[in-house]
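First to last, the protein sequences are chains A, B, C, D, E and F. Numbering of the first sequence is given in my numbering, commencing with residue 5 and proceeding in unit increments. Numbering of the second sequence is given in my numbering, commencing with residue 5 and proceeding in unit increments. Numbering of the third sequence is given in my numbering, commencing with residue 5 and proceeding in unit increments. Numbering of the fourth sequence is given in my numbering, commencing with residue 5 and proceeding in unit increments. Numbering of the fifth sequence is given in my numbering, commencing with residue 5 and proceeding in unit increments. Numbering of the sixth sequence is given in my numbering, commencing with residue 5 and proceeding in unit increments.
Rather than coming from a laboratory, the hints here were simulated on the basis of the structure.
Once the Cα atoms are required to be at most 27 Å apart in a straight line, the calculated DSSO-like pairs of lysine-lysine come out as:
hint, chain 1, residue 1, chain 2, residue 2
1, A, Lys245, B, Lys22
2, E, Lys69, F, Lys17
3, C, Lys17, D, Lys245
4, F, Lys17, E, Lys245
5, F, Lys22, F, Lys69
6, C, Lys22, D, Lys245
7, B, Lys69, A, Lys69
8, F, Lys69, E, Lys17
9, B, Lys245, A, Lys17
According to the in silico footprint, chain C covers these stretches of chain D (three or more CB under 8 Å from chain C):
hint, stretch
10, 55-69
11, 89-98
12, 127-136
Partial pick of chain D residues on the chain C-facing surface, computed with a CB cut under 7 Å:
hint, residue
13, Pro238
14, Pro240
15, Pro241
Idealized CB from N, CA, C, for every residue including glycine.
Chain by chain, the residues run as shown.
There are 6 protein chains.
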Amino acid sequence: MKIQYLVPGPMSKGPMGKKEVLRRQALLNQWAFPGTEVTVVDVPEGPASIESAYEELMAVPATLKGIQEAERDGFDAVIIGCFGDPGLEAARELVEIPVIGPGESSLLLAAGLGHHFSVITVLDSLVAPQEQQAFRAGVLAKLASVRVAEIPVLELMNDIDASRRRVEAVGAEAVERDRADVLLLGCMTMSFLGISDEVSNRLGVPVINAGRAALKAAEGLVAQGLTHSKKAFPTPPKLRKKQSQPEEVLA
Amino acid sequence: MKIQYLVPGPMSKGPMGKKEVLRRQALLNQWAFPGTEVTVVDVPEGPASIESAYEELMAVPATLKGIQEAERDGFDAVIIGCFGDPGLEAARELVEIPVIGPGESSLLLAAGLGHHFSVITVLDSLVAPQEQQAFRAGVLAKLASVRVAEIPVLELMNDIDASRRRVEAVGAEAVERDRADVLLLGCMTMSFLGISDEVSNRLGVPVINAGRAALKAAEGLVAQGLTHSKKAFPTPPKLRKKQSQPEEVLA
Amino acid sequence: MKIQYLVPGPMSKGPMGKKEVLRRQALLNQWAFPGTEVTVVDVPEGPASIESAYEELMAVPATLKGIQEAERDGFDAVIIGCFGDPGLEAARELVEIPVIGPGESSLLLAAGLGHHFSVITVLDSLVAPQEQQAFRAGVLAKLASVRVAEIPVLELMNDIDASRRRVEAVGAEAVERDRADVLLLGCMTMSFLGISDEVSNRLGVPVINAGRAALKAAEGLVAQGLTHSKKAFPTPPKLRKKQSQPEEVLA
Amino acid sequence: MKIQYLVPGPMSKGPMGKKEVLRRQALLNQWAFPGTEVTVVDVPEGPASIESAYEELMAVPATLKGIQEAERDGFDAVIIGCFGDPGLEAARELVEIPVIGPGESSLLLAAGLGHHFSVITVLDSLVAPQEQQAFRAGVLAKLASVRVAEIPVLELMNDIDASRRRVEAVGAEAVERDRADVLLLGCMTMSFLGISDEVSNRLGVPVINAGRAALKAAEGLVAQGLTHSKKAFPTPPKLRKKQSQPEEVLA
Amino acid sequence: MKIQYLVPGPMSKGPMGKKEVLRRQALLNQWAFPGTEVTVVDVPEGPASIESAYEELMAVPATLKGIQEAERDGFDAVIIGCFGDPGLEAARELVEIPVIGPGESSLLLAAGLGHHFSVITVLDSLVAPQEQQAFRAGVLAKLASVRVAEIPVLELMNDIDASRRRVEAVGAEAVERDRADVLLLGCMTMSFLGISDEVSNRLGVPVINAGRAALKAAEGLVAQGLTHSKKAFPTPPKLRKKQSQPEEVLA
Amino acid sequence: MKIQYLVPGPMSKGPMGKKEVLRRQALLNQWAFPGTEVTVVDVPEGPASIESAYEELMAVPATLKGIQEAERDGFDAVIIGCFGDPGLEAARELVEIPVIGPGESSLLLAAGLGHHFSVITVLDSLVAPQEQQAFRAGVLAKLASVRVAEIPVLELMNDIDASRRRVEAVGAEAVERDRADVLLLGCMTMSFLGISDEVSNRLGVPVINAGRAALKAAEGLVAQGLTHSKKAFPTPPKLRKKQSQPEEVLA
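In isolation and in its complexed conformation, chain A is listed as follows (with noise of 0.2 Å):
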């Protein structure tokens, strides 16, 4: 199967650039099943990094236009490459493809791993929106807490080792004084770092790598050929009528 993760933002443009897709890109094929090939696409315009509703919002248009030429090219399946799922209800009004929300994907994982999850984050402008997902992803009943690194995400591979201490120092108090038993890392960068087996081995719980975990999500859909239900997001009535273009909904 052919499964492309797309980046809502400019990332090659950026200061990670182009070799971080290339090493994104390398790292889920091979954590993919076989038979597996993931594609890491970026988005031409938006915002750096996603650290804010503000940004978030800014990069759904871009990422819409994305998911829906992904669709048209073939795949089977699209991931948004951020854990704030922009777009996430737009884009499965707009294709039939499974659209993967590695933010909602890992929290349903979380859900099966334990009675109570935390989730760590960048910064805490992040901190309500994510609550606000996972009331989406219907699971807020089992989140503990969403903690704060305090990292931009630019600034998460700027030092990895210190990142992963930090990581490690939000996700202790998670553990003790939230209670939380699973850990997600609440952010693609924090996800690619390659520090979630370190720091499960010294909390002692498992610790959600969101990329790896929205990889298996859409693995998992498109063997079962599942996608989400159209009755719960239809195509927007406008474009059902008329067979258009979604530009022409625009004015």
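Starting from the known structure of chain A, fit chains B, C, D, E and F onto it as the hints suggest.
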């Protein structure tokens, strides 16, 4: 005080036209307290009407721009002229003046008038988004139902009497089957039809006009010297640090 | 419009005296929109202040009488001058004009300004009643905590600066430990101390003055031609049938 | 042990009369464990029956007085003889002996007999108050519905067989449509009709007689040496400090 | 009435021995209402004590057998002598007489004594199961916390005073940090230590002895002629059709 | 990877026989990713099928033994072959390899495909247990309903077409009346009937085959190197201390 009512789509270019923009402005000024001046503007691009998550998100970029301009232009508050409150949280991250979402405002108003309220929306595709809105507003516990009139936004004004009868029939179901004791007109065009009093009289329950509710919420906040919590809606970190323009956040 | 603010206890006979009744009337009129006239009255009997469920309930009979008189006297709305909203539901059963509870009004206002709010109350004995108030208002999901200033109502005005510092300290705990991003002054005497702006500036979150919030809610409802749902708060059956005076219901 | 069952209204002066007071006393003593003596008294003033929030609150002052007297007279526990539990929390603030609300007691009993229970109440005006009661008792999660028999309290005994048939019909709807597997008779006069066994046999689900449930709860608490938590229901602060009589709290 | 208290493990063969079985029987009879006779029996096989979901489930087969025998032997009710209520729902499917779970009984009792209760359990492995118990009982909304004494069941009686001090310390944390106003001893051996009164006196909140609470619940149900709903706990379909012995269900 | 699918009952001795065990093994291997080998085994004793809490619990002892053997035999994960997930939490206490419950897996999968899902179960006696399952999985907030096909497990395969029509009719009710937008086949025999695609096509919503969902969940966990949290499901304390065999826990 000066309040801007910002239509998050190019209404003046669409079927309702500039005339409708002016009609709404006249009504809002008629509903206003003495000393309040309401200006209605629309944005130059975006969806003709919002009937899906897709259109809601596509309306956001132009809307956020408009809200920032409103602040710069000295308005005391902005109302986002769509029941779905597109971009509400992001807008609150960007500006200091109160940003009012008619959906949120009328949900909170409804919560104070009875025990269980129902929202009457235009199309089935908006049921789930409006349930999520009730969660975000914090009043999901009082939501009896979201019921669907099955009339596209752009057809609501074609035959106002027929629209009213349809709203009434759907409202009656909400009252009888879902035990709603308060009703909300869950669409701005529906709210500006001038039907709420008649529907209220016939069904014997309060019917909330979301436009009027939003105006009173805006006037109330300005009068109290209150605005949204910047702890809840912090300035996006990149903007905070660099004192840069929002546009610079985008690559 | 004419609004009555009814103090549900014999304030003019108590330590605060008639002077305080007039001071509150002056403040409310100062806060009002042009065209609104607020009259503050107290009731001839009842508790000196309300710091328990016991006192709250003992305040009800005289308060209900006063509210019915206010309706007969042509007031457009009545505000029950106690954060605990004593007799709110019963009053709505008895009259048609809007009856505003400052507790309910400010809880709903708070829900629109942030994600999690805390109420600062006077004494421990009011924590549970105020949690139940949040349930009745429908916004329990956003209540971060009810925190206690440990100052009896009748001592709040003895040293206003000391009261402010205490409220500030308790508010800081709510913000830091309970993640509140909005605060409510959960007592009318606290609300009329004139401290909300200073507390807000120091803590960096909105602080809601329940008296001012109630006034804006009352003005908003009257301006919209709305009142509480009689389906939610039906006229007591015996009164309905016999068109008798409320007093006749009592043996 | 000595238990007082306090009717929160002047039943002996009303249509049911002293005879009904004695009939209920006989039944309660018949239901009691060996060694329990139940005394039924009514209060000299208050509503003839309780069918609204208004009447419920008007019943409180005389009821609280009666409960304090019962404690002074050496009763081991008091039952408030109304399903709405008027003044329950306030009474617990005032006395140390257990105060039993039949509504609360039977809701908690119901929660242990099945998964979802329904309350059958007399009139529509009591639906919302009884939903709030389930919240206060902590068992809202198991409340399937409050359904209405549409018989005023004072008419329930006119034709007991007709009342039973009506209760049965409403109970059948609760079982079939709301998936209730336990029913509560949500009114004391309904509970004392002697119909619960027959309704239970016909509908195949337990039917709880609130009077009998309250008695067992009272006997159980006294036998265990337990009473309500004074941390949850603290003595009103003014009474605490001054060791004064409750009446002195009132101006 | 005749009540059986069934220990779901071979207590008489374990370290506590037959002596403890008899001691509990003596206590229960001492706590009983006049006319109640309690027989304590244990089952021949199963876990020595229950400190995990594993042991709880392994206790079930022998316990269910014992409960069916109790019904055949003419007992009026059975109490499952473990706070975890092993097999409660299954037992109710198999028999008509009331089956009492001390966990469920004392959770429901606690809900009527205050606003927020905490359970003090023996080991960390029981926290999640007891949270699920509160959900099943329907009172999760009032659960402040499950706190852990960190004493294995079989060591609780080694030094009763040390156990009491530990329970007290943990209880104090629940009261202060979690705002519990009622405490439950979440283990039968803890309940039979005879420490609840002293802990209650020291902490100033009711402390519920689950054994005594279960006995009162059993006596109350039998006295009211009530048992669990067979609509909620239907006879297993295979047994229903074939009128066969439960054993025949098993291959 | 090697996955064991463990049927928690003696299927090979029952009416479906060894043939059905092999048929399911063939299907699972057909659904598997390349490199996965699935072995289906049943246990030597237990209920012929599981249609009650009683049978579910009676299936546990043999099932737990089987799961421990699977771990010792080197399997990478075990699937408990019953939608009710009998013994799931206990099994996770006993072993380190992932233990998959098809109920939990498919509930979490469903939560990611829509807003509200319904479970179609075989008999009324399983409604309440499956509601509790949704709570334990953390997704109760998205459960629209559990609806009943009224076909005993052992009769489902008698006339597959009739079973499909019945499932379809019940599913249609869930979609229309309960607003479900995703359906789950809440029984493994139903899941292995091969009807999900046809039901999905007819009703226009995704229909989840719990066997296939469980397999993908197992493969996904193994591929990610994840297993359940031992903090959530700790090794039973007695086993931890004594490094003894589980059997020694039992007296």
